[in-house]
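One-letter residues, chain by chain:
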Amino acid sequence: MKTLLSILLLLPLVGLAQSSAKLNKVISKLNTVKDYSVDVEVKADIPMIKILPSKAKVYFKQKDKFKVVSKGIVILPKQGFSEINTFLSDKSKYMAIEGDTSKIAGVVVQLITVIPSGEDNEIILAKLWVDDSRSLIIKTQITTKSNGTVTTNYTYGDMAKFALPSKMVFEIDVKKFKLPKSVAADINQRSTEKKDDKRTKGNITVNLSNYKVNTGLSDELFKKKS
Amino acid sequence: MLRKNTYNEFVKILSKPRSFLGIGALTLLILLIIFAMKADGKSIISFVTASFEQTLSFNGHILNGYLIAFIILQMLIVHVPLLVALVTGDLISGEAAMGTIRMLATKPISRTKIVLSKFIAGAIYTLILILWMGFLAVIVSQWIFGTGDLIVLNSDGLTILQEQDILWRFGAGFMVAYLALLTVSSLSICLSAFAENSIGPIVATMAIIILFTIIGTLDVSIFDTIKPYLFTTHMASWRSFFENPVDMGTIMESVLILVVHNILLVALAIWKFNRKDITS
Amino acid sequence: MSNTIIKVQHLSKRFGTFQAVKDVSFEVNKGDVFGFLGPNGAGKSTTIRCLLSLIKADAGSLELFGKNLSSDRNEILRQTGSIIEKPDFYKYMSARKNLEVFARISGADVDASDIQNMLEFVGLGDRGPHKVGGFSHGMKQRLGIAQTLLHNPELIILDEPTTGLDPQGIIEVRNLILKLKNEQHKTILLSSHQLSEIELIANRMVIINKGVSIVEGEVAELLNSTELMVSYEVENANDLVNYLTNAKPALHFQVISDRIVEIALNKNEVPALTEELIHARIRIHAIEPKRKLEDYFMKIIAS
Numbered sequence: 000m001k002t003l004l005s006i007l008l009l010l011p012l013v014g015l016a017q018s019s020a021k022l023n024k025v026i027s028k029l030n031t032v033k034d035y036s037v038d039v040e041v042k043a044d045i046p047m048i049k050i051l052p053s054k055a056k057v058y059f060k061q062k063d064k065f066k067v068v069s070k071g072i073v074i075l076p077k078q079g080f081s082e083i084n085t086f087l088s089d090k091s092k093y094m095a096i097e098g099d100t101s102k103i104a105g106v107v108v109q110l111i112t113v114i115p116s117g118e119d120n121e122i123i124l125a126k127l128w129v130d131d132s133r134s135l136i137i138k139t140q141i142t143t144k145s146n147g148t149v150t151t152n153y154t155y156g157d158m159a160k161f162a163l164p165s166k167m168v169f170e171i172d173v174k175k176f177k178l179p180k181s182v183a184a185d186i187n188q189r190s191t192e193k194k195d196d197k198r199t200k201g202n203i204t205v206n207l208s209n210y211k212v213n214t215g216l217s218d219e220l221f222k223k224k225s
Numbered sequence: 000m001l002r003k004n005t006y007n008e009f010v011k012i013l014s015k016p017r018s019f020l021g022i023g024a025l026t027l028l029i030l031l032i033i034f035a036m037k038a039d040g041k042s043i044i045s046f047v048t049a050s051f052e053q054t055l056s057f058n059g060h061i062l063n064g065y066l067i068a069f070i071i072l073q074m075l076i077v078h079v080p081l082l083v084a085l086v087t088g089d090l091i092s093g094e095a096a097m098g099t100i101r102m103l104a105t106k107p108i109s110r111t112k113i114v115l116s117k118f119i120a121g122a123i124y125t126l127i128l129i130l131w132m133g134f135l136a137v138i139v140s141q142w143i144f145g146t147g148d149l150i151v152l153n154s155d156g157l158t159i160l161q162e163q164d165i166l167w168r169f170g171a172g173f174m175v176a177y178l179a180l181l182t183v184s185s186l187s188i189c190l191s192a193f194a195e196n197s198i199g200p201i202v203a204t205m206a207i208i209i210l211f212t213i214i215g216t217l218d219v220s221i222f223d224t225i226k227p228y229l230f231t232t233h234m235a236s237w238r239s240f241f242e243n244p245v246d247m248g249t250i251m252e253s254v255l256i257l258v259v260h261n262i263l264l265v266a267l268a269i270w271k272f273n274r275k276d277i278t279s
Numbered sequence: 000m001s002n003t004i005i006k007v008q009h010l011s012k013r014f015g016t017f018q019a020v021k022d023v024s025f026e027v028n029k030g031d032v033f034g035f036l037g038p039n040g041a042g043k044s045t046t047i048r049c050l051l052s053l054i055k056a057d058a059g060s061l062e063l064f065g066k067n068l069s070s071d072r073n074e075i076l077r078q079t080g081s082i083i084e085k086p087d088f089y090k091y092m093s094a095r096k097n098l099e100v101f102a103r104i105s106g107a108d109v110d111a112s113d114i115q116n117m118l119e120f121v122g123l124g125d126r127g128p129h130k131v132g133g134f135s136h137g138m139k140q141r142l143g144i145a146q147t148l149l150h151n152p153e154l155i156i157l158d159e160p161t162t163g164l165d166p167q168g169i170i171e172v173r174n175l176i177l178k179l180k181n182e183q184h185k186t187i188l189l190s191s192h193q194l195s196e197i198e199l200i201a202n203r204m205v206i207i208n209k210g211v212s213i214v215e216g217e218v219a220e221l222l223n224s225t226e227l228m229v230s231y232e233v234e235n236a237n238d239l240v241n242y243l244t245n246a247k248p249a250l251h252f253q254v255i256s257d258r259i260v261e262i263a264l265n266k267n268e269v270p271a272l273t274e275e276l277i278h279a280r281i282r283i284h285a286i287e288p289k290r291k292l293e294d295y296f297m298k299i300i301a302s
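Protein chains in written order, with numbering that gives the first Met the number 0: chain A, 0 to 225; chain B, 0 to 279; chain C, 0 to 302.
Please keep in mind that the hints were generated in silico from the structure rather than gathered at the bench. Treat the hints with caution; some may be incorrect.
According to the in silico footprint, chain B covers these stretches of chain C (three or more CB under 8 Å from chain B) [unchecked claim]:
id	segment
1	47-56
2	100-106
3	249-262
Within a straight-line C-alpha distance of at most 20 Å, the following computed DMTMM-like cross-link-like pairs (lysine to aspartate or glutamate) qualify [claimed, not checked]:
id	chain 1	residue 1	chain 2	residue 2
4	B	15	C	99
5	A	24	A	121
6	B	275	C	71
7	C	55	B	195
8	A	54	B	164
9	B	112	C	71
10	A	54	B	162
Not everything, but these chain B residues come out facing chain A in the computed CB check (under 7 Å) [stated by the list, open to error]:
id	residue
11	146
12	158
13	162
14	163
15	243
16	252
Virtual Cβ for every residue (Gly too), placed ideally from N, Cα, C.
Same shape as in the complex, but just chain A (with noise of 0.2 Å):
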């Protein structure tokens, strides 16, 4: 009853499944990266937390094989790095529609929103800003269950070809951010009087540079605990 329901449901959306082949030619385009390695910088504008810019080095391998390895400590959203292309990789799983096109930093782009057709899946809505000359995502909005919304800006620079960014820059909830007080607990406590981050929003941005891509990782890399 539920599967013909959602049959239903889908039904008129039958009509528009020629719009997404813009999705398409994204997702064919990511889909040439099999894996790749890159540096990145990562710095990280966010309520409550001081981090300098700090430095990793990034691995991934389709379909979801994602890993981090520093030497200090990288901060990066829970969300919206790999998972993204991960997720738009299984078509059945969503949704497109196409909607309007507008203009980000002079580029036309064309909003394309995904709504995963299952119950259990972290992603609830997910928008996506495509170049589609270039079939490149511009800019994404992903709201996720428990992270709230998290709104991604594409630059793309050599690897464009490869639909991989220079340049990422994340906007995130911080709105659930809390201190356990326990432990901040400052014999002092004159830290109190400072005046309390009320910001709701945070910013990271990562700077990717030095793309090695398709060497034919291994799963070995992955395992290993960082």
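Start from chain A and add chains B and C according to the hints.
Chains B and C alone, transformed into the frame defined by chain A:
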């Protein structure tokens, strides 16, 4: 004579079993914390980062020697004053209780020098205590857990300090913590000059620290004017070195207040001891 | 340098409402074993503590080695060794370590062999490495004397050095003091509440009572010039009383029991009186000089 009697005072401190009690207790506590961290450190960290980790992923070697050292310092700096007072609190009164003060005060050394040499010996002991603590906390933790960036939970959020930017903070932090402990030592020596028994000054020192700490934590406006002048308010100043950027102004203010405390307390002890009729 | 080692003039000290010392004056000369005599609570300890700068005097002057105590304290203490009441040491340290500690601040160069020699001098040669915590009172007293001698001081001040010692300990300490006097020619100030002790050791003395010095001089002179109470134990006290009343009406006496009568006599009168009593057929069982300090004081005060 000051040098000779300082040496004497130090010999006396080292001959007392209780001097090693403090170092032993410290060693045991630190090893216990290191063991606990080795066994269950990850969950202790996630207790702090839990609310962040839904949205953010923390990558890298978080549970490292620096973090352990910081946790140890944070946990123990409250208890070390007791260990300091245990030894310094009876430096003068202990001699009165034992009767040796009569021997000491009939030697060709001025009473001012007696107090100063006790203060210096107490300062050296306190230094050894904190150096040992530093060695165990920073060096031993590093052997076991390695190094890495340090996540510090300050009251205004998390601060992540880079590995190469940490050691100097520990160094400077230990120096300020030492100054705070030195104030405890001066306080107990000062009380010791007023007392005739060993245990009184030790208990009184702890009572004062507890009282001042409570006054410091109470959010009552009538205490606000005195709070900045209580030495206990500045006992955690070492922590300010782990903020980014470091607020040197506040730290220097704390250092100044602690130094003034030390000078006043030692001066008071000298004044009292010089006027004291030794009748024990 | 003048012959006077200690010169105390009109010393007074009050603790709150209690006047411990009212007016004490005396002089100790070089080479003296000087008895500082007085009953308990007379102000001996307070005076000695003032001499050693443990207590600040309210008034009066204190000169040692011709120097003023308040301005030349360290200089004076460098030449002085002392035990105040009982000697106390760091119990958790060995005898040798204790001596090392005190030697270091005594103002003299004392090496390990000096310390060993001193331990042997006081009969503790094999006790050096032992912790003082386990020492008897007598051993501590001897160690105390070793401590006073370490830096070879000119003046030694001993406050009641035999108090609390067993008879054996008293003899040992007394012999040590005599050894210091005879072999090392030290000037010694010795306080005591026992006249007999002072009589045995000292050549000069001062007697103080209720914070006031009463009499000062040569021990022999002071003791011989004053009357003793001589206790005669006889077969029948009545016979003696009758004889004394008739033949010696000038003598003061006191009947203690039916066998004992105490007679006030000068020391040099004892042989003659005893001879007379024998001639009078009074059977004498014992003759004992009674010179209680208290009695002596009473006499001095009365005179």
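Verification of the hints:
{"no.": "1", "hint": "47-56", "result": "holds (count 6)"}
{"no.": "2", "hint": "100-106", "result": "holds (count 6)"}
{"no.": "3", "hint": "249-262", "result": "violated (count 0)"}
{"no.": "4", "hint": "15/B x 99/C", "result": "16 Å, holds"}
{"no.": "5", "hint": "24/A x 121/A", "result": "24 Å, violated"}
{"no.": "6", "hint": "275/B x 71/C", "result": "19 Å, holds"}
{"no.": "7", "hint": "55/C x 195/B", "result": "18 Å, holds"}
{"no.": "8", "hint": "54/A x 164/B", "result": "15 Å, holds"}
{"no.": "9", "hint": "112/B x 71/C", "result": "16 Å, holds"}
{"no.": "10", "hint": "54/A x 162/B", "result": "13 Å, holds"}
{"no.": "11", "hint": "146", "result": "9 Å, violated"}
{"no.": "12", "hint": "158", "result": "4 Å, holds"}
{"no.": "13", "hint": "162", "result": "6 Å, holds"}
{"no.": "14", "hint": "163", "result": "9 Å, violated"}
{"no.": "15", "hint": "243", "result": "5 Å, holds"}
{"no.": "16", "hint": "252", "result": "10 Å, violated"}
Violated hints for the displayed structure, listed by number in ascending order: 3, 5, 11, 14 and 16.
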